[in-house]
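Student: These are the residues of each chain, in order.
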Amino acid sequence: MSFTFNGVAQILVFFVILVLITKPVGLYLIAVFEKRKTWLDPVLRPVERLFYKVAGVDEQREHDWKMYAVAMLIFSVISTVPLYIFERIQNHLPLNPAGQGPVDPTLAWNTAVSFLTNTNWQNYSGETTMSYFTQMAGLAFHNFTSAAVGIIIAVAVIRGFTRRSASNLGNFWVDLVRCCLYILLPIAFVYALVLVWQGVPQNFNAYTHIAGIQGFAQTIAQGPVASQEAIKMMGTNGGGFFNANSAHPFENPTPFSNLLEMLSIFAFGAGLIYMFGKLSGNTRNGWALFGAVSLIFLLGAFICLGAEQAGNPQLAKLGVNQTANEWSLAQPGGNMEGKEMRFGIGSSTLFATVTTDASCGAINSWHDSYTPIGGMVPLVNIQLGEIIFGGVGSGLYGLLVFAILSVFIAGLMVGRTPEYLGKKIEQFEMKMAALAILILPLSILGFTALAIVLKPGYSAIANAGPHGLTEVLYAFSSMTGNNGSAFAGLGTTTVGTPSFAFYNWTGSFAMIIGRFAFLIPVMALAGSLAKKKIVPAGPGTFPTTTPLFTGLVIGVILIVGALTFFPALALGPIVEHLLMLAGKTF
Amino acid sequence: MRGILRQFRPAIVLTLLLTLLLGIIYPLATTGVAQVIFPSQANGSIVYVNGKAIGSQLIGQYWTQPQYFHGRPSDTVNLSGTPAPYEADNSGGSNQGPTNAALIQTVQQRIAELKKENPDVPPGTPIPADLVTASASGLDPDISVAAAYYQIPRVAKARGLTQAQVQQVVNQHIQGRFLGIFGEPRINVLELNLALDQLFGSISSTNNAGAGHTADVRH
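Protein chains in written order, with this note's numbering: chain A, 1 to 586; chain B, 1 to 219.
Hints listed in this document are in silico derivations from the structure and should not be mistaken for laboratory results.
In silico DSS-like pairs for lysine-lysine, Cα to Cα no more than 30 Å straight-line: (1) 116/B to 584/A; (2) 115/B to 584/A; (3) 533/A to 66/A; (4) 317/A to 116/B; (5) 115/B to 317/A.
Simulated coverage check for chain B against chain A, where a stretch passes if three residues somewhere in it have a Cβ under 8 Å from a Cβ of chain A: (6) 26-32; (7) 36-44; (8) 50-62; (9) 137-144.
Every residue gets a Cβ at the ideal spot worked out from N, C-alpha and C, and that includes glycine.
Based on the sequences and whatever the hints tell you, model everything.
Tutor: Structure representation (structure tokens):
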């Protein structure tokens with residue numbers, strides 16, 4: 001482990017800014033979903049009304065959890081159809097100056113599922129596969145709606161936890177429209193313009209041919225990048241316009257754009273935790289959970305920084321200087337393979353931690369080239385369920401499942417029926433919570449096991465030795481967790497190969513399981529909680545606003561994660577780390 | 001059941017309306033505004049010399065001649081999969097892991113080439129990590145300050161200048177961290193090389209972007 005003053009400062013200052021924006025973001029979310037007046041009302045309210053009128057939505061009518069879930073599923077299926085069609089016929093559609101042909105059917109299916117489920121796993125390279133039209137009307141549209149669905153499911157779950165003796169969780173269509181109109185669209189618009197200011201292109205030009213100074217000609221990919229980048233980050237989607245994602249200078253040109261991108265990954269996740277606390281009647285319920293995820297976030301960020309800054313001992317032996325010079329004759333040192341100069345080690349490792357704490361999956365450096373321990377941090381973050389601030393929405397409801405599990409364990413210790421927010425946690429709630437927690441490892445470990453015994457699975461491995469197992473484990477963790485980042489050496493992108501078909505199909509199932517098989521038990525849990533009466537807190541009630549509870553939640557998250565994944569991690573990154581120190585290569 | 005059927009109309013209508021608003025109107029409106037207020041950036045920060053597009057300020061180029069500073073190694077491939085550095089329509093990195101023997105071998109080769117290209121660097125000078133490792137995008141426009149200093153003896157010799165003259169230009173092109181905290185101090189290779197050509201004249205055989213011409217860099 002090796003730390004630079006600057007790397008540490010980046011983590012701490014980033015965290016302070018995050019804490020400062022949490023409350024304002026949370027308050028705005030409350031205003032939108034409690035249908036209070038916002039300053040955008042004069043412009044947006046008429047549009048909103050028009051949408052309801054055409055769609056036949058009764059604003060006042062609310063749904064119980066089942067109807068809310070049904071509406072969500074119907075919308076998910078129907079909204080995916082245009083994307084699949086756009087991909088398949090993009091050569092006949094406008095805005096295709098690079099002349100991209102139709103997308104292969106299995107790839108189009110995988111990509112449609114990937115963007116529907118907010119995963120944004122990309123088995124393709126954006127600039128060589130997708131037309132501008134597909135990118136904006138197909139992919140960026142899903143960046144909006146999959147994020148909105150995540151957020152509003154979290155809002156519905158919050159309502160379930162905080163309403164008393166109620167049967168309804170809200171109206172799916174109203175929440176969807178308000179989330180898109182009042183939250184995502186206006187922020188994305190301003191955000192996109194800030195990104196353009198920093199250097200992100202926003203045009204419909206053909207790819208630009210340049211001459212170069214010493215006669216080296218280039219064809220520079222262009223496109224409506226900024227408008228997609230903004231929603232890609234704030235919607236924790238992570239699907240890059242370009243293959244190199246946020247490492248591409250056109251997606252993330254400066255350290256300032258990088259800071260903004262990292263903050264926007266966490267902003268709604270953090271705001272939703274605040275919203276949860278506020279609506280529960282005591283903001284400290286929110287801050288207690290905020291504290292738990294903050295500590296796990298900081299732990300991961302420091303380990304990742306320390307491992308990457310220490311560098312690769314094999315390169316040190318060749319005479320490469322991996323010791324940072326922070327001030328004069330500056331150089332970042334560390335493991336710079338697969339990292340960009342403007343980000344160095346500090347801004348790269350912080351981004352890697354943030355993007356996997358949440359289910360974003362954008363990358364600004366290649367995780368496959370990280371040192372074993374540095375690369376294990378993003379992997380573990382995903383496997384913990386992306387609840388460390390988490391993806392838009394999914395982070396919060398995943399975290400609440402762990403909160404339920406924590407009060408249950410505390411209840412077992414003192415021998416009383418557990419309560420959370422004054423509601424008794426009983427058999428049904430525990431079944432749903434356990435189902436939600438178990439479904440993810442089943443998919444991750446099950447598909448990984450399948451892939452490493454079947455030829456189309458293991459033949460895609462790019463790096464031999466234990467690193468290869470990590471590539472596959474990371475892939476299914478990422479797809480199941482709806483993250484979308486990758487140990488991208490895994491050769492799944494060559495159209496027509498057995499690996500291409502194998503990963504397109506298994507991946508699409510992993511993504512569907514990760515999204516819907518997790519989400520529905522959580523909604524059932526929320527629906528059941530909504531109906532319950534509030535029991536006044538007694539002397540036996542375990543307080544959920546204290547540091548003790550924060551500590552317990554951290555313990556439960558880490559223990560569940562470790563029990564589930566330690567054996568697989570031991571065979572992957574942990575043994576690779578030991579072999580690397582021993583000087584072994586593959 | 002009737003409740004379920006009732007959800008189809010909003011699903012279809014809102015898919016269409018939201019595709020129109022978020023998928024078409026939003027990117028068009030963003031493009032319209034961006035093209036007016038930040039025209040250079042919105043079109044890819046293209047740098048013009050004598051009215052000719054010679055590169056993008058944000059996209060690294062492949063430099064080979066000794067009188068120019070060189071960028072970082074790039075592991076991009078062209079559309080047929082053949083290695084082609086700084087392929088600006090197919091970004092990407094090596095994705096080689098830390099225990100991959102091929103990575104170690106590649107770095108070893110890069111070090112050997114670097115030393116051959118820079119014979120005047122005193123032996124034992126530490127080799128900056130960024131100069132022998134492939135960037136993530138394969139299009140990294142920047143190098144570290146140390147990586148630029150490493151190349152000063154070569155560039156100065158090729159241009160017939162003193163090292164102090166070149167060093168002065170290098171120092172003028174260091175971009176600092178954001179707020180002194182975020183990112184890394186770095187040097188944009190294209191800007192540095194353009195500045196050298198402008199100040200001391202171009203000696204490249206294959207180009208016509210010569211001395212005295214002002215590069216039209218608008219931001």
